[in-house]
Structures are given as structure tokens and as C-alpha cells.
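Letter by letter, the chains look like this.
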Amino acid sequence: MNKIFEVPLYPYTRHADQDAATPAHHRVVVVGAGPVGLAAAIDLARQGVEVVVLDENDKVSFGSRAICFAKRTLEIADRLGLGTPLVDKGVQWNIGKVFFDERKVYDFNLLPEEGHKRPAFINLQQYYFEDYLVRRARAIQSEGAPLDLRGGNKVARVADHGDHVALTIDTVDGPYSITADYVIACDGAASPIRSMMGLDFVGRVFEDNFLIADVIMEADFPTERWFWFDPPFNRGQSALLHKQPDGVWRIDLQLGWDIDKEQEKKPEKVIPRLKAMLGDDVEFSLEWVSIYTFQCRRMEKFRHNRVIFAGDSAHQVSPFGARGANSGLQDTDNLAWKLKLVLEGRAPEALLDSYDAERIFGADENILNSSRSTDFITPKSEISRIFRNAVLDLSEHHAFARPLVNSGRLSMPCTYDGSPLNTPDALPGGPARTRPGSPCPDVALGNGFLLDSLGDRFTLLAINADAPDGLSEDGIAVTRLSLTDKDDATGALAARYLGDAPAAVYLIRPDQHVAARWPAYDAVAIRAALRRATGQEMQ
Amino acid sequence: MPTDLILTPNMDRPDDIYADLLAAHEGLSKAESDALNARLILILMNQIGERRVLAQALAAARVPEGS
Ligand SMILES: Cc1cc2nc3c(=O)[nH]c(=O)nc-3n(C[C@H](O)[C@H](O)[C@H](O)COP(=O)(O)OP(=O)(O)OC[C@H]3O[C@@H](n4cnc5c(N)ncnc54)[C@H](O)[C@@H]3O)c2cc1C
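Sequence lines, in order, name chains A and B. Here the numbering used here is used: the first residue of the first sequence is 1, the next is one more, and so on. Here the numbering used here is used: the first residue of the second sequence is 1001, the next is one more, and so on.
Be aware that one or more of the hints could be misleading.
Stated by the list, open to error - Residues from chain B that face chain A, not an exhaustive set, calculated with beta carbons under 7 Å:
hint : residue
1    : A1035
2    : A1038
3    : R1039
4    : L1042
5    : N1046
Simulated from the structure, these hints should not be mistaken for laboratory data. In this text, a Cβ means the ideal position worked out from N, Cα and C, and glycines have one as well.
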């Protein structure tokens, strides 16, 4: 077994808080050091917000979990300072093949758009993602960022007292208590905090089982995503083969609903199945074998006064489309800057309600996409199977049917249409993809990339337009970034940000989403948009 | 002007077209006929293309007597 599973990354050590006469107080407590909790903590601490992370465990997460990390996640990781190790280690791919029965029906090339620093996505084991997050947390700690990561700390009780939260934590040395201004509950799909608070988590269970195996093999399968519908080696079901770093391959085999899970997990059952798929002469060993049932569901609200849910604790999706960890990172991207402004007294608490509005909108989009993929892959009625097979048959000969084949849709960042933080679009002829609410698309600029100069603060992006160096409204500073046609050798800046307009001024949020845009600098309009984007009008 | 679903006669030579439909199914098993129908629906949906018109068609098919 890979050593990475066994090494404690943040082993329990006794903390002074455990000997305090009265509970020690902290600004933010993050519960859970999975990908979402670690990203939240790094985002806050590197911006100077004091944060304690508690996890009952002390290692990377066990078993086969996320492997596909989308471009938006890599862009967020860049802002957090760990994009490069992720991309260096990850596997990149563009070719996908779709098989139906015994034949290949078609293949596709993702042909990523030019001018983005990061690829459409990478394949990387979740344990590497977590390992790199822990390393990043350690690095910023050593630079003085106020981040404290406590392993072997199991949260046993959470009580919201209106203006603070009290937590009781179990350790091998017995329980202790602390208090916090805010708690971010990143404690996973089975969220004990959600149960402690008696909150709902409703949705849809897909009555199907999937054998998920990570196998180590020296095989000459190309770096492509292969998806089978109804293959001879798994009749009536689906299968997926995908490459990860270190010669590890992810295999998903749909098993159906009425199976004996314990039996199906045994090597004497699993190995013949895999041999039938890979061929008798391929040598492989098993890293992990698990059986999963998938669900799509979310909490009704993510913010419960001072306890805020993020990641799998707030919403859960089936893995077709790789939206679990990817959407969890968008949660923290959305939350961190808002929480910072509220804690610093520079924005009203109501700003936190926009986290609810925007990320519930995002969760619904992800649940819709994941449910549709799952319905295509595992048709639940005779007629849906007939249509599914008709799509696949047609896709072999006719291009029109290929967009209907749904073996998982690429995770795309959410555009917050209708968000209370948006100012109505005021740029005539502006491209739809950069309308208010949109995540900023990247652009290659000279030797660098646009996204590297956006984020963490409000930015006024002036393109072919005059604007002052900066401005400040109610304690919130905005920095200007001026670009002209001269910076835009490829024309992508104009295509993505100007459209038919000759010039534009964008107000961009700390999470790189567009708050507002205009054809020219207008101080009054910009100040109003800034108040709006910081929740001043939400009270 | 957006196109609307046509529910008035629009086929040239309706008897021939109907006979073509039945002929396509001749000799097929129920499963083969179901598959052919599904492929045909998908091909025609692509020909129409507009979601709005297809929604009108679905509604008309669901409630043949009109709403
Ligand atoms: C087979 C499979 C494939 C997947 N593929 C993808 C993919 O390709 N892309 C993708 O984006 N996502 C994918 N996912 C989803 C992804 O794994 C999850 O979305 C992600 O792990 C969620 O992260 P999280 O931090 O919210 O929760 P978790 O990773 O579950 O972390 C929760 C943490 O909370 C801790 N904890 C729990 N209770 C307590 C407590 N009481 N006190 C202290 N600590 C506590 C736990 O120890 C754990 O460390 C996949 C999932 C599966 C199962």
C-alpha cells in the first residue's frame, strides 16, 4: 500500500488551550482537514485571519476519492499558492473515447481554449491534493500566517450562542472547550455537526452500486478517458478507465442494485472482473477497492448564523462530472473574503447571506448536472434505456447525437446570475461570458496571465479606459489594473472582455468574479457597485 | 418571429408518409421497433432544434386533446 496513507501529516500534540482555565477564543474554527477545510483555512490565514483547523484524524483521506481537478480549482489553488505543484504532478489529457457494446462509437478531443494558464483539468489522486494543501499550510505558518492545524481533535459538541460559537473537542487526553467567532463546518458528507444541529440533508439516492478500483499497472493504455456503455466484460452496466500519476489507473464498474457488497469487494471477485476488462496478460496490483452508492442532495441553507457549512457537508453529488471537491473549493473561494471583511468590521454580517445565495445556486447547478449524467449512465426505466441506446447507436455515425452522450460533464465554475452582489450589466456589446456574476476567464498577457493579477482584493480592470490609481469606499480599497490593446497580442482580452465595446471598466471581486462593468470610469457608479458587492444593501 | 409548433396539416402526401413509417417497422420485433422509434425521434428533434418548439410538441403529445 502507498506509504502516503500511513504517514500522520498533523499528529496530535497537546495544546495550551487544553489547560486554559476558561475556554480560549479564536476568530475562525474550521472543522475538518479535507480538501475543503484546508483550502478555507489557507485562504483565511494567508490574509491574516486567525484560524484553527480541527480534524479527528491526522492523515490524508482513505480510499479512492477525487481524481479530476478542474481548471477553476487550479486557478483557486494558484491564488492560494499551490497551483504549480498540483499541475506538475497531475496527468493532463484531452482525448476521450466512448465505447458501446463491443465497438468504439466515437472519440473526442477537448481542445482547450488558448490563453489560459491552467489546463481544462488534471487527474490527481485526492491524497496528493490534500498532501500539497497541508504542505502549503505549513509553509504559510512558517511565514507567520495565523494557522493552527490540530490532528486527533474530534469535535463532539457545537453550540451557537448568537454572537459566538462554543465547541467541545475530544482528544486522547480528554475533552476541552474553545469558542470562536465563526465555525466553518467542512466535516464531510456524513457531517456530525449537521446532525448535532438537527439540520436536514435531503435529496436523491441513486439505487446503484459502483465498484471503484485504483490499480497499479504498467500498461500501455494511452492517457485518455475511456468510457464504456454495456461492454461485454460488464454486461448491461457501464465502465470507466482513467489515468492517474504514478502508474495508477482509476476503474469504475457499475454493479447494479441487488448485489452482495462484501462478496463483490473480495479480490477473488474483483480480479477476474478486471482481467476481463484489461485482458489476461496485463499485470496489475490493487491499491484500493471500494463499493459506493451515490447521492445528490444539499442542505436547505448553508449558513446557520455563526456556523457555516462548506463542501460535502453542505452538498453531495455523484462523482460523474467531478463536482465534489471542485465545487467545495468554489465554496471556500466564495466564503473566505466575505468572512474576512465581516470579521474586520468592514462589511455587514448580511454579506454572509450572499454566500448562501450564490453557493446554493452553484450546488443546484452541480446537482442538476450530476443527476443528468447519472441518469444517462444508469437508465432507470425501460424507455430511458431505449433512448440512451438510441443516442449511442446514432453517435457512431452522426455528429448531431454526440452532444447528447453524457458520461459526465466537465465541472465548470458557476456564474452567479441574479446574485444580490451583482450590479446590472452596463456594458453595451459586452461578451456574455464576462457578465456580472461570471468568474473571470484567464487571458495570456505578455509574459504572464490575467488571473495572476486579480484576486484577494477588489480590482478595477480598466481596458482602453482612463481610471484613477485606486479608490476607497467605506474602508474597502480598490486597486486599478490598466490594460490596453498593446497588452493583448492574441486578441483574447478583447474577445473575452470587450466584445463589441471599444473600452470597458470592470469591478472584480476578491474571488475573481465580476461584480459590475461599464463602458467607462464612473466614480459614482463604481462606489455604488462596491457597496452592493460588499453586502451594504443586503441588510 | 419565433416559429410555433405546427398542428395544422403540413405533410405533403400524408398517406405515402404514413405508409413509409409503417414500412420502416415491418418485420421488426417489438424491441427493434422501439429502438427505431427512439432513433427517429432523436433525428427529428435535431431537425427541429429549438427547445421551445419541442416543448410545445411534448405538451401536445402528452395531452392530445389540448389544454
Ligand atoms: C469515488 C469518488 C470519486 C470522486 N471523484 C471526484 C472527482 O474526480 N473530483 C472531485 O472534485 N470530487 C470527487 N469526489 C468527491 C470528493 O472526494 C469530495 O467532494 C471531497 O472529499 C469533499 O471534501 P470535504 O473537505 O468537504 O470533505 P472530506 O474530504 O470528507 O473531509 C471531511 C473531514 O472532516 C473530518 N471530520 C469529520 N467529522 C469530524 C469531527 N467530528 N471532528 C473533527 N473532524 C471531523 C474528517 O476526518 C475529514 O478529514 C469523489 C468522491 C468519490 C467517493
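Structure-based check of each hint:
1. A1035: 6 Å, holds
2. A1038: Holds. Min distance 4 Å.
3. R1039: 5 Å, holds
4. L1042: 6 Å, holds
5. N1046: N1046(B) check passes; min Cβ-Cβ to chain A is 4 Å, inside 7 Å.
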